[in-house]
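In the order they appear, the protein sequences are chains A and B.
Here the first sequence is numbered in this note's numbering, starting from 166 and rising by one per residue.
Here the second sequence is numbered in this note's numbering, starting from 19 and rising by one per residue.
In short, the hints are calculated from the structure, not lab data.
Keep in mind that this is a model prediction, so the values were computed, not measured.
Glycine included, every Cβ here is placed at the ideal spot set by N, Cα and C.
Wrong hints could be hidden among the right ones.
[Stated by the list, open to error] Straight line, CA to CA, 30 Å or less: simulated DSS-like cross-link-like pairs of lysine-lysine:
#, chain 1, residue 1, chain 2, residue 2
1, B, Lys-48, A, Lys-351
2, B, Lys-41, A, Lys-527
3, A, Lys-238, B, Lys-48
4, A, Lys-317, A, Lys-351
5, A, Lys-394, A, Lys-415
[As the list claims (entries may be wrong)] Label-pair distances were calculated between CB atoms; the ranges are:
#, chain 1, residue 1, chain 2, residue 2, range
6, B, Ala-52, A, Leu-254, 43 to 49 Å
7, B, Glu-49, A, His-521, 42 to 48 Å
8, B, Pro-40, A, Ala-328, 31 to 37 Å
9, A, Asn-220, B, Pro-79, 32 to 38 Å
10, A, Ser-216, B, Glu-49, 54 to 60 Å
11, B, Ala-52, A, Leu-225, 54 to 60 Å
12, B, Ala-52, A, Tyr-313, 47 to 53 Å
13, B, Pro-40, A, Lys-362, 51 to 57 Å
Below are the chains, spelled out letter by letter.
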Amino acid sequence: MSATTATSTTTPVEINKLPTNPDVSPMTQEQTKNSFWSSNPISSFVIDTYSQLHNHRKSLDLINPGTVENLNKEVSRDVFLQQYFFTGLRADLNKAFALNPAFQTSHTFSIGSQSLPNYAFSALFADDNLFAQGNIDNDYSLSGRLNYGWNKTNISKINLQIANGQPSMCQLEQDYQGSDYSLNFKSLNPGFNINNKTGSLEFSGVAVGSLLQSVSRNLSLGLEVLYSKTQASAPPDTGISYLTRYVSSKQDWIFSGQLQANGSLIASFWKKVSPNVEAAIETTLQASMLPINDPMTGTPIGIQPTVEGSTTLGAKYEYRQSIYRGTIDSKGKVACFLERKVLPTLSILFCGEIDHLKNENKLGCGLQFETAGNQELLMMQQGLDAEGNPLQAPVQ
Amino acid sequence: MSASMFGMPGMGPEPTPVSNQPKSRFQLFKESPAYTILVNGGLFIAGVAFIQSPFMDMLAPQL
C-alpha cells in the first residue's frame with residue numbers, strides 16, 4: 166500500500182526527467198549540471214576510477230603514517246643515544262624569556278670534545294606557525310633553521326649552514342601531510358645552470374622526493390626517489406629507497422624497515438615495555454663494492470662485494486627527575502647516557518662509551534643551567550604561579 | 019757471516035710460514051657476505067624475541 170503511494174508521488178518527477186523526444190534527446194536536469202570533464206567519456210572514466218579509489222580508501226579508515234624523516238624516530242632519536250652523546254666537559258646556559266611565543270637563548274661551552282665547538286650561541290623563536298633557530302660558534306660557523314606552517318598539513322622548511330672553510334649548504338623542504346599519506350620534497354643546494362653545448366637549462370644539486378602511504382591502519386609503505394647532480398661535468402646520480410613501517414594496534418611496538426639506494430638495509434624494532442621504559446633494536450647491513458688490488462703492482466684488477474653489518478640493542482628509562490639511556494652493539498661497544506635534574510634549574514649530564522674490540526673509551530660530563538628571563542617564568546620554575554600559589558597539575 | 023746467510027737448516031731464524039693450505043669451508047663461509055647477513059639477521063631476531071619476552075618486562079621497575 167505504501168509502495169503504491171510512494172510510486173504515485175515520485176512518478177511526476179520521474180516523467181519530467183525523461184527526454185520528451187528520443188531523436189532530439191535533450192539533456193536531463195542532472196546531465197546539464199555535469200561539466201565537460203565529467204561528461205567526456207575518457208575523463209569521466211578517470212574521475213570515476215579516482216572517486217571509487219577515494220571512497221575505498223575512506224572506507225578503510227586509514228590514518229596518517231607520519232613523515233619519512235620520523236620513520237624510525239622512536240629508535241634512533243628516543244632510545245638510542247648517538248644524538249645526545251658528547252665527549253669532554255660541557256656546560257649549557259639556557260635562558261627562556263617567554264613561553265608563548267617561545268623565545269630562548271643558549272650559550273654552550275665545551276672543552277676536550279672533537280665534535281663540539283669551544284663556544285656556541287643559539288637563539289630560538291617559536292609560535293603556532295613559525296619556528297626559527299640560529300647558531301653561531303667560535304669558528305664563525307653559522308647555521309639556521311626556519312620552519313613555517315602554512316596550515317596544519319603544509320610546512321615549509323629552510324636549513325642554512327655557512328661553515329668556516331667548508332662549502333655552504335642550503336636545503337629547501339616542503340612537507341605535506343594528507344589524510345592517509347605524507348609527501349616530502351627537499352632540495353640541497355639547488356641551482357639551475359645553462360649548458361653551454363646544448364643551451365638547455367640544467368638542474369644542479371640534490372633533489373629528494375618521498376611518499377609514505379598507509380595501506381592499512383597499521384602498515385604503511387613508502388618510496389624515496391633521489392636525484393643528485395653535484396658536478397656539471399659528471400653524469401647525474403639517481404636512486405630509489407623503499408620504506409615500510411608497522412605500528413601495532415595498541416601502539417606499543419613499531420617495526421620499520423628501509424632499503425636505501427646506497428645499498429644499506431636498516432631494520433628497527435621499538436617497544437614500550439612499561440610507561441617509563443622503552444627498548445629498541447636496530448640492524449644495519451651495508452653492501453658495497455671493494456676494489457681488489459694486484460699484490461705485486463698495486464693496480465686494481467677487479468671488485469668484490471662486501472657486506473658490513475652492525476646490530477644495536479638499547480633501552481631508555483625515563484623517570485620524573487632523570488633519564489637513562491644505554492646501548493650495546495655487535496661491534497663490542499657499550500654506551501650510556503644519564504641526564505639527571507638535580508634542581509629545577511640544574512641538570513647533570515654524564516655519558517660514557519667503552520669499545521671493547523678497539524680498546525677505546527670516551528667520557529663526557531656536563532652541566533645544564535636553566536634560567537628564567539622574567540618573573541613569571543622564575544616563579545613557574547619553582548612550581549608557583551604568578552601570584553605565588555603552588556601550581557596545580559592539570560586534570561587528566 | 020751468519021748461519022742464515024748460508025741457509026743452514028736449524029741455525030737461522032725461522033722463515034715466515036706461508037699458508038699454502040686450502041681454507042676450510044667454514045673459513046670461506048666466514049669471509050663471505052652471507053655470514054654477516056646471517057649473524058646480524060640472527061641477532062635482530064634474537065633481540066626482538068628478547069624485547070618481546072617476559073625478561074624485558076622484568077628489567078622494567080614496577081613503580
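Hint check:
Among the hinted pairs, Lys-48/B with Lys-351/A is inconsistent with the structure: their alpha-carbon atoms are about 41 Å apart, more than 30 Å. The suggested pairing of Lys-41/B with Lys-527/A is violated, with an alpha-carbon distance near 38 Å, which exceeds 30 Å. For the given pair, Lys-238/A sits about 33 Å from Lys-48/B by alpha-carbon distance, which is inconsistent with the 30 Å threshold. Straight-line distance between C-alpha atoms of Lys-317/A and Lys-351/A comes to about 19 Å, which keeps the hinted pair within the 30 Å bound.
Between Lys-394/A and Lys-415/A the CA atoms are separated by roughly 44 Å; this puts the pair beyond 30 Å, and the hint is violated. In this structure the hint that Ala-52/B and Leu-254/A lie 43 to 49 Å apart at CB holds, the actual value being about 45 Å. Taking 42 to 48 Å as the suggested C-beta distance range, the pair Glu-49/B and His-521/A does not conform, at roughly 23 Å. Taken as a hint, the range 31 to 37 Å is violated for the pair Pro-40/B and Ala-328/A, whose Cβ atoms sit roughly 53 Å apart.
Taken as a hint, the range 32 to 38 Å is violated for the pair Asn-220/A and Pro-79/B, whose Cβ atoms sit roughly 49 Å apart. Taking 54 to 60 Å as the suggested C-beta distance range, the pair Ser-216/A and Glu-49/B conforms, at roughly 57 Å. For the pair Ala-52/B and Leu-225/A, the beta carbons lie near 39 Å from each other, so the given range of 54 to 60 Å is not met. Between Ala-52/B and Tyr-313/A the beta carbons are some 49 Å apart, a value that agrees with the proposed interval 47 to 53 Å.
Checked against the hint of 51 to 57 Å, the C-beta distance between Pro-40/B and Lys-362/A comes to roughly 56 Å, which is consistent with it.
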